[in-house]
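Colleague: Assembling the complex is the task here: the two chains are given apart, and the hints tell you how they should meet.
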Amino acid sequence: MKRKLITEDNVEEGPAEKKIVKDDTGPKGRKKGKLTDREFNTEEISKLKETEALYHSSLFRLQVSELLREVSVKQKLKSRLEEACSFITDILKNLPSGKEHKITDKKWLKSKGIKIPLLEKPSHVKGTFQFEPPVDVFVSGSFVIDTMVMPDVEGDLIIVVPKTFFQPKDYLNQRYTRKRALYLCSVASHLNKLKRVQDLKFKYFMGNPHKPALVVKLNNQDDKSVTLCLQVVPEADTFKESRFHISKNNIRPGWFTERSESTEDNERTEALPATPYYNSSVLHDLCLVRNEKFVEKLLSGSEGVRDGVKLLKVWLTQRELLKGPGAFSSFLLSCYVVYLIMSRKVNKLMNYYQVFRTTLLFLSKSDWILEPPSLFEDQPLKMQPSTDEFRESGSCVFVDRSGFYNLAFMLPVHVFLRVKQEAKLSLNALEQHQQSSFDALFMMPVSFARKFDHVFHISLKASQLSQILEKVDGLQHKVMDFGGHNSLPLSQHVVTVLSEALGKRAELVQHKIGKLNEWSKDEDPHDFDKESHLTFGICIDTANAFNILDKGPSAEAVESREFRAFWGEKSEMRRFKDGTIHEAVLWTDSTCQRDRRLVCRSIVQHILQRHCSISTKSIQYMEGKLDPLLHVNLLPKESCLLYGTGEEQSLAVHHAFDHVARAVRTMSTLPLSIHSIQGVHPVFRHASVFPPLPVSQTSSDGDAVSGHAVPREGKSVPQYIPALKVICMLEGSGKWPEEIGAIECLKTLLHIKMGTELKDKHSMVSSVHKDYVDVVKDGFVFRLVISNTRELAVLRTVKTESGMVKFKDTEKSSALEKEIVDLPRLTHLLHGIQQENSVFSVTVRLCKRWIASQMVFGLISEEAVELMVAYIFTSHHPYAVPGSPNTGLLRFLYLLSSFNWKADPLMVNLNKEFTDEDFSVIPKEFQKNRASLPSMCICTPTDKQGIKWTKPLPTEPLLKRLVILAHESMTALECQLMKSTDVTDFKMIFRPPLCHFDLVIHLLKKANALNHQGIDENDSVYICHSKDGGKKTSDIFPVADFCVAEKFLKDLQVTFGDLAMFFYDPFGGNVIGIVWKPQAFEEKEFKSVNFRFRRPVINDNERPNLDIDKESVLDDIRVMGGGIVESIASPKSLQ
Amino acid sequence: MAQQNKLENSSNLLIQGYSVLQVKASERSRACRFLYLKEHSSTHQTVEWPQGRTLEVHNIPPYCTQDNLRKLLKGCGEIMRIYLQPKPTAMPLKASLSVSPETHIKNVSVAYIVFRKASGVKNACNLTYDTERFLSDKDNPLFSGLRAYIKEYKDIPDVKIMEEQAEKYLADYYKRKDEEAQREKEMEGVPDEEGFIKVTRHGKNKGSRRTEENERKAKEKMRMKKKKTELKDFYTSQFRETKRKHILELQAKFEEDKRKIKEMKASRKFRPY
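Sequence lines, in order, name chains L and W.
Numbering follows the UniProt record's numbering, in which position 932 of the first sequence is assigned residue number 932; successive positions increment by one, without gaps.
Numbering follows the UniProt record's numbering, in which position 86 of the second sequence is assigned residue number 86; successive positions increment by one, without gaps.
If we strip away everything but chain W, and leave its shape as in the complex, we get (with noise of 0.2 angstroms):
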């Protein structure tokens, strides 16, 4: 099949409906890799992604940036946003609504694009196989390496900004459970359609939690109740089954060890030189 796609446009390559592309890096690189792209289709519709108008391209190498994608795509038609992500997803990863377009994401392998106009996604399907392409110039270099890392490192945090975000959560987060607390004071007694009472842990008669542990030190106390009832080594039947009881116990011990012991010889662990 692809030796037929190959034959009917020469210019374009096609193989089970994605486009390849070879592109480099930039002019200092040794080979080419190859772009798979492709018009979005996906049975869940989303917003960010709309029908016909965006392109899937895979194999992006993992420093890539939107800068570098669009001087790639540069004449296909205008660009409306860029999501860069690590794997192939059906709706775009919640992480990447958050990044500004200039954070450099690391280790994408995907992007999808959103052009103004569908004109622009079948540019792109039908760009040539045979040029050889490149991710960036002198306008968009590559973004990595020691460039990077230094760049990651200068961008340090705003106190202000953390202070502000991280009251609002709380107070968010305790007006919230202000309001659930406030609710269940008023469900308290009330009791519900089939008529029962929930048991809270407010109020006069509140509950031990369930917990698991609290669940298996009931089942203990009970245990021991019942063991403390017993008299031990009262009878002689009974004397003569601890002592029946330790025999056994021997006897189980040395079967295991023979087992080791046969383990063991086979891994020649008794030549001691």
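With the rest of the complex left out, here is chain L (with noise of 0.2 angstroms):
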């Protein structure tokens, strides 16, 4: 069994290797082996062996086995645990009997204190109750198969109570949940005269509302208190199982709603909705002994099978899927664990790597609804329900011992779905070699905001909640199974109506497991509907999800009839291109990629509205609610240009690089021919947060000089236009010289060709420069850089003094390098990402705005960033590829909140290019130079050091600073997502705190050209009307890269940089923030290298010293920002 999880070629090796360890023990042997620190014992070395041929990793299975310490229940919790269960079995066992009372008497209860933990729709019930001893008690569950795992440790108690206890007709009309809950209330009453009894409190056992638990927090001599978990059941023959057959009804209708109670002996039962849910909850009491002692006997005894469902278990609490109503509880999988062991997939010798991953591999492949597992093996009973009967009943099947029960009754298919997905998602980071599959799998907390890519809450009162039921058709049935809980079938319904109108569109739709609550005794029972919303959310496919268009069947085929009646009046005939005509559903006729984005938005609040009656207003849809961050106004209105989030605009600029790259390959006038040309602005790689704008500026904005519009003193800067930086490359000839003074003056003379050139054959108008020429092309400006590998070569050439030539990085060509080897290919691989994922864009600008906002663009590399955001959607394990900008900037956030910069290095890898050996080698080398590093490293296969982006900056401090401020701001947004109110604030984390300044700097509002992109700036910008509108002034170059702002950060930066650091947020930021630099503040010797910006005192020894002059580097900033700042001021001032 063990070889079947080993590949072919390691069971071939298996058996000859153990000879070899054999031989290797021999004297001979153990000479040898010293050549290492220590020797390694026989045991040790066969050990490794195993290591190397059934585990993932030799250090996989170290962390996975430190893990399990962790988790483990230590033995003195144990020991603890087992004396208390002791102490309440004896106290239970010599209980004596009680009184009789009817079941709907309450006031016995009430003079306890205590109130039934059970919602009692209807309240009346006939029948009488009467408290009998049980006759048995015993510890159940994971304490006994010793599965626990910390925290939350709990011991499950099992009360019998003797089969006279029940009436023979109890099992109608939840007479049997009724009693049961009183029995479990008296035994509360008894408890609570306990002194060592701490708390009583009652909770739903595993969220289902018909069947209370009592949750005993118990103290110890030692003062540290346990907790055990009460549950009842009868005796196992106390009713016959076939009676609550799946397909059966066991809550009359007429009762049910109050009419009369006398229907309650028809025997036209078959005729009555079944009540499933009802069934399944009196069936697992009655099962539960049995299926208990099948999981104990199959689980006992073995560590590995043991440990594996403990790895298992760790696993499903990260995902939010072991604990609340409708989770894959921790008995769900003990027992689909028994069910490998029983099918042989599972043996007691495999180690809890194999358990585990054979496990997740099953689960990964298995359809719990049309191939259910099941526990029973003997013959099929007489009435037992068949596979079809169990499936009809809405959830997902897994037989149990018995024939009869659905253990997984309370699982919907949605949270089934779900884990299915995240076992695949788990075996794919299991199989990609990486340090960090470890961390995917156990460590990382897959919150439901981060998982999801759309979120929205449902927030309805119980009023219309009860409203909304009664118009469904079928859930009234559902609610009454359900004991009178509306949201409970509600959420479930609103998950199968929504996957079948989202389709190929999503990939999972789930409703939020909520918290198990638990509650004291003397409050009222906890009740599903009065919490105050409703979370769901959607994994979507992004390669269908922005489809705007739903095809239907033909117009006249039959199922045409069906389309129309579910779609309603969206529902269209169209004739398509290939000349049929369907039926059709067009959710927006925008080609604006956000619109596209919130297709899947409209489709849920259609829906919705169509078959559930929840009216728009009571959603709250949180995908594009991030999106005004990425939007800017437009001027004039009437203009055919739309901005959603700026793709169109990038793509636009494409389009027009394109007609400029296909210019300048046809040039004649070149000596040699381009190879190759590409842009390096970010724009080109999709990561320009705000795309150029074809920008219209009329000579009247400023004067011409040589034709040339530039800015006029006294009027408010004109527009910003970037140029757009292109790298063209020209062909190697032995003809380029071999000094970089003549490289230089080769490259003027080009430029000036090119420019002459492109403005002849092809009107676009150009500036020429010594070191670009710019050109004009749909009011964008193309900044063309002529290159060559030889002006890199020439700049690294070293001579020695032997003579040899050698090459060596200098500051000026790794620059060079950078710019015209590294950005190209970058830009490449990330339009690449684009290409595959349209989300990509948006989600780099988000996170680069957001960096952007906390006024540190400058001090981090845009690249960096970018490079991060390509990690999330390279290796984005443990969850899929983003599908939205919202999981995007979340997942951004936490991965640059908690990812070990200091330990380990960030590996991207862009195009899957890295080798199995580049994931060892490169932590190894890395771990090596550690010190010599730059405070993040980020690896790309072509730079394996990962030092290109991230040196000098960001240094250790802001890094420091940036990892609390992404901790920060995801906490906050996520709160803000999982939260349904409509005035949220989303941006509030893109508002810096200006109060950790020492001095903020104000900038004038006519001197920032980008004030309309400010966070709170609701500015227009205006934009040529249209194509020929920019022709019409083609004759004169715009005013280019001429942002004020900027210029005067960069002065301040080269200016005062030993005195003090800048923050300004380039993206309509109107402050700079000033942080003085401690050793601005020292006083220095008097000496001329000291005098700058320094005044002279007097120190105690009485000789003349330097001190800062404060006063007079602020009168230099006003100065030098004359005309660009309006005042500086404290920020404690502002408050």
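Accuracy of the hints is not assured; some may be wrong.
To be verified - Here are the simulated lysine-lysine pairs, DSSO-like style, with alpha carbons at most 30 angstroms apart:
| hint | chain 1 | residue 1 | chain 2 | residue 2 |
| --- | --- | --- | --- | --- |
| 1 | W | Lys-245 | L | Lys-770 |
| 2 | W | Lys-168 | L | Lys-770 |
| 3 | W | Lys-177 | L | Lys-928 |
| 4 | W | Lys-74 | L | Lys-1110 |
| 5 | W | Lys-71 | L | Lys-1050 |
| 6 | L | Lys-987 | L | Lys-461 |
| 7 | L | Lys-1084 | W | Lys-253 |
| 8 | L | Lys-1050 | L | Lys-1077 |
| 9 | W | Lys-71 | L | Lys-49 |
| 10 | L | Lys-715 | W | Lys-24 |
| 11 | L | Lys-770 | W | Lys-175 |
| 12 | W | Lys-138 | L | Lys-1006 |
| 13 | L | Lys-747 | L | Lys-759 |
| 14 | L | Lys-753 | W | Lys-177 |
| 15 | W | Lys-258 | L | Lys-49 |
| 16 | W | Lys-138 | L | Lys-1110 |
| 17 | L | Lys-224 | W | Lys-265 |
| 18 | W | Lys-253 | L | Lys-912 |
| 19 | L | Lys-49 | W | Lys-24 |
| 20 | W | Lys-243 | L | Lys-47 |
| 21 | L | Lys-49 | W | Lys-232 |
| 22 | L | Lys-928 | W | Lys-74 |
| 23 | L | Lys-806 | W | Lys-227 |
Keep in mind that the hints were calculated from the coordinates and are not lab data.
Just so it is clear, the structure is predicted and the values come from calculations on it, not from any experiment.
Modeller: Shown next as structure tokens:
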């Protein structure tokens, strides 16, 4: 069995290797072994061998065993639990019988200060109740099989009630559940008298509203408390199992709707709606002992299986799937492992890794609806329900030992699908031999907001809820089945309808599993309907989710009526290109990417309105809430351009660039041909936060100097037009000069030629400079730079004394290499990611905007941020690839704040070019050279050291600050996304606190050309009307690359860099923050090198010293910012 | 010492040979800055900065222009040249030579001022400390901020001049190159004093370039040759050796991993929640 998991070649090697071990342990082997620091004995060596063959990797094995040590329950706690269990057992067994009451009689309960832990809808029911001491009390669950996992350890105690406690007709109309609840109350009243009992609480057992359980907190001698969970079950043969057949009715509608109880005895039960949930809930009790014993028997005695189950529990807990109503409970998990043992997929000799992996493997392949697993082994019984009957109940199916009970009756299909998807993702993560797979599986909490691309909330009042349920067909019976809780059947119905409506667009739709609520014994029981809102999540499939059209069946086909009925008035007949006529639904006619991302929202709103009568007002859809951060208003309004979140503008630039590139390639006057032409501005990799707009500049904006428009003094600055850098690589030739000065001159001449030809032949306005030539196309300015690899070689070449030619990187050469080699490559690769996933662009821009809004944009390189976002898309485990900017931003913030930058390099597997060797070598090299490496290392297949984009910035203190900011922002944003109020201010995390700065420089509005991009600005920006309009003014070159605020900031940094740090948000920020450096305040010796910005003072030794002259520095800033700065103030004075 | 100086001459503050002035950028300035003036003296004698006639002025503001300094030192004597530099040096920086007087140099902190007569330096050093002085007035405005940025942008290069300059440089370069090649050609095959003949990259028998890469390749080639002649896993002892190596590797990796785990444990990396 073991070998099933091993790859084939490993199997062959297996026995052979064992022999070697033996060989090596001979005297010869010993001698040679001395090469290592200490000798390994035979056992250790064989363990190493075993690890190699049977585990993921030795590091993984060590990590997991550490994890197991951490989560396993310590012996101390175990013995404490044991003691508490036997204490309670003794007391319960010796309880006296009670008096007889009617079920509806609550007086005796009131006198004891206990409220019945059950929602009694309707309140009246026949029958009597009399407490009898239990026949048996025993410990069960994970405590017995020793698979408990920290924290929240509970001991499960089961109280078996004698058969005589129940009357024969008690199975009907919730009488059973009520009596069981009352029994629990009596137990509680007895326990309440005990001194050792600290606290008594009720909860719904695994969220089942029919079945309350008692949670007892018990004091121990050493003042530490333990928690026990008590549940009541009848003796096994109290009722016939067949009575609770899944398709039978045991709650009469007549009684439930309170018309009369007389119909109760009618034997026409077949016609009545089935009550599978209620039935299963009773069966759960009847079969409990049998199932528990069976699980115990199969799981006991094997450490590997036990630890495997523990690992699975940790895995589920991190995904918020183990606890709560409708969760994949730990008992279900144990049963599934037992099922795998029964079907010989898992055996007791396996180690925990094998058990874990096998279980995930079969979970990911299984289908609990079409091919349900079963623990039942004997010949089928007569009355036993068939698989089809089980399936009809609407939940997942997992038949138990008795053949009657569905273990998974509380597990909704969507939760199972989620588990299945998670299993698949985790297996993928395991296959990618990376150090991070352990973290992805067990250490990273997969929160709901980070997992699901689209999150929405439905908030309804209780009255609205019941109204809705009345309108929807078939849900009334379900409410009856669920004991009067309205929201449970509704949430399931919503998920089912939405899954059908979204179809291929969604990979997964899930209702968020709530918390298991506990309430005190004297409080009203928890009512699911009173929860403020229902939360749903959708994992979208980015390949299909953004289609604006749903194509239905052909108009003549029979199914078209069905289609029409489902979609309602939205469905229309449409003629398609191939001439056929189909029913179809068109969601939006906008071509804007932003609107396409919101198609799913429209579908959800429409379908919920149509099929669940939930109005759009009560739905809070979270996708798109962050879009305003990337939006700018355009003027004039009637222009044909749409600006959603700017994707279209990026494309427009690409389009214009294609024209320019074609023109450049066909140039005839250049002596050499151009072998590649590639843009390196962020917009070419779809990563420019605000892509440039086609701005029209009329000559009235400024004066013209030799064909160039120039800004005019005294007026507000012209609109900012960025120059988009494009690298034109010329082909190599022996004729390139070998001196850098000569190369530069040659390039200048080529630029001049290029400018002239583009102007003459292609009538593009151009502006020639020494190092580049700017051309205008469609209102964009492209800055063409000619380059050649020879230049790089010349910059690097060093001649040693012996005459050997050496290549050595200098500052200049690395800067040039970055620009002409690395940036084009990065641009190319990121462009590729965008082609694969259209959400990349909006995500990367949102992340950059966040970085910028913390006023640190200049202190960490743009490319580093882009690579981090690329990492989220390439190494997305434990999630699927992000499908919305919200999840993208959240995961980015999580990565930034949780990644251990000090101990690990971030390996961005661009284009999947890392080899297996790289994954082991790169971290090793990193460890070795850690001290000399920058604070954060981002490796790519072409930069294995990972320092290209992170040296010298960010600095260590800045990174620390960023990590804190990221963590705070993430928790705040997650909180906002999971709340359901319509007044949430999503811009909150994009507003930096100013109080940390020593001083704040306010900029004049008219000097800030990017004012319209500000977080809280609503200004509009003018663009040119149409393409023709742009051409008319085409003989004057517009003001390009003229951003006063940026220039000012740069000057401040250059001039005062030793004294202070400057922080600024380049996207419409109107303040610059100043933080003095501590070394600025040190007194310096009176020497000419220290004169700058200092004034003379007399120190303690009566010698002249130099001290910082703050006032004159501020004065200089004011003068340097003449016409730019409004005021300089302390941030404290602002508040 | 400073105090002594103050007592001796109330109108002139002298600290360690530097006379100090209080200067404001303009009348609107809120604070005074301190300029430190001294006669320039250096072991290096330069033509540009003649001994005795050159004045060093430290801590001038970053936006300071020549006009501002001329205004400040009006009346001290006729000024011949002014050099603005970002830091004090013994010789003028090359860049400052080519800068025309009108150009605004950013980020300066030291000025070297050459007077026609030596008295100009003395007059400047004797300026009184107590009076507030100004760098600018109506005729000599401050040149900074938005105005400077706009002016900078307006300075659009003339394509023709650019072309001429570049062509001239290239012509010079090729001429130099040709001469060098000519010389090398003449030297080809001619032994030097010790009788060695230099291998050049011209002619029939040109050697490959001596680069690091080429040398590495040559070494690699040698190693591969050697390796080819060896037999692998031929003898039992060799076979055993490879196996032993494998185990050692495993052991080393195990130790490495253990160390890593220890580190992780220290940073509490195993608490899942």
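Colleague: Under the constraints set out in the numbered hints, which ones does this structure not fulfil?
Modeller: As far as the earlier hints go, 1, 3, 7, 9, 19 and 22 are violated by this structure, in ascending order.
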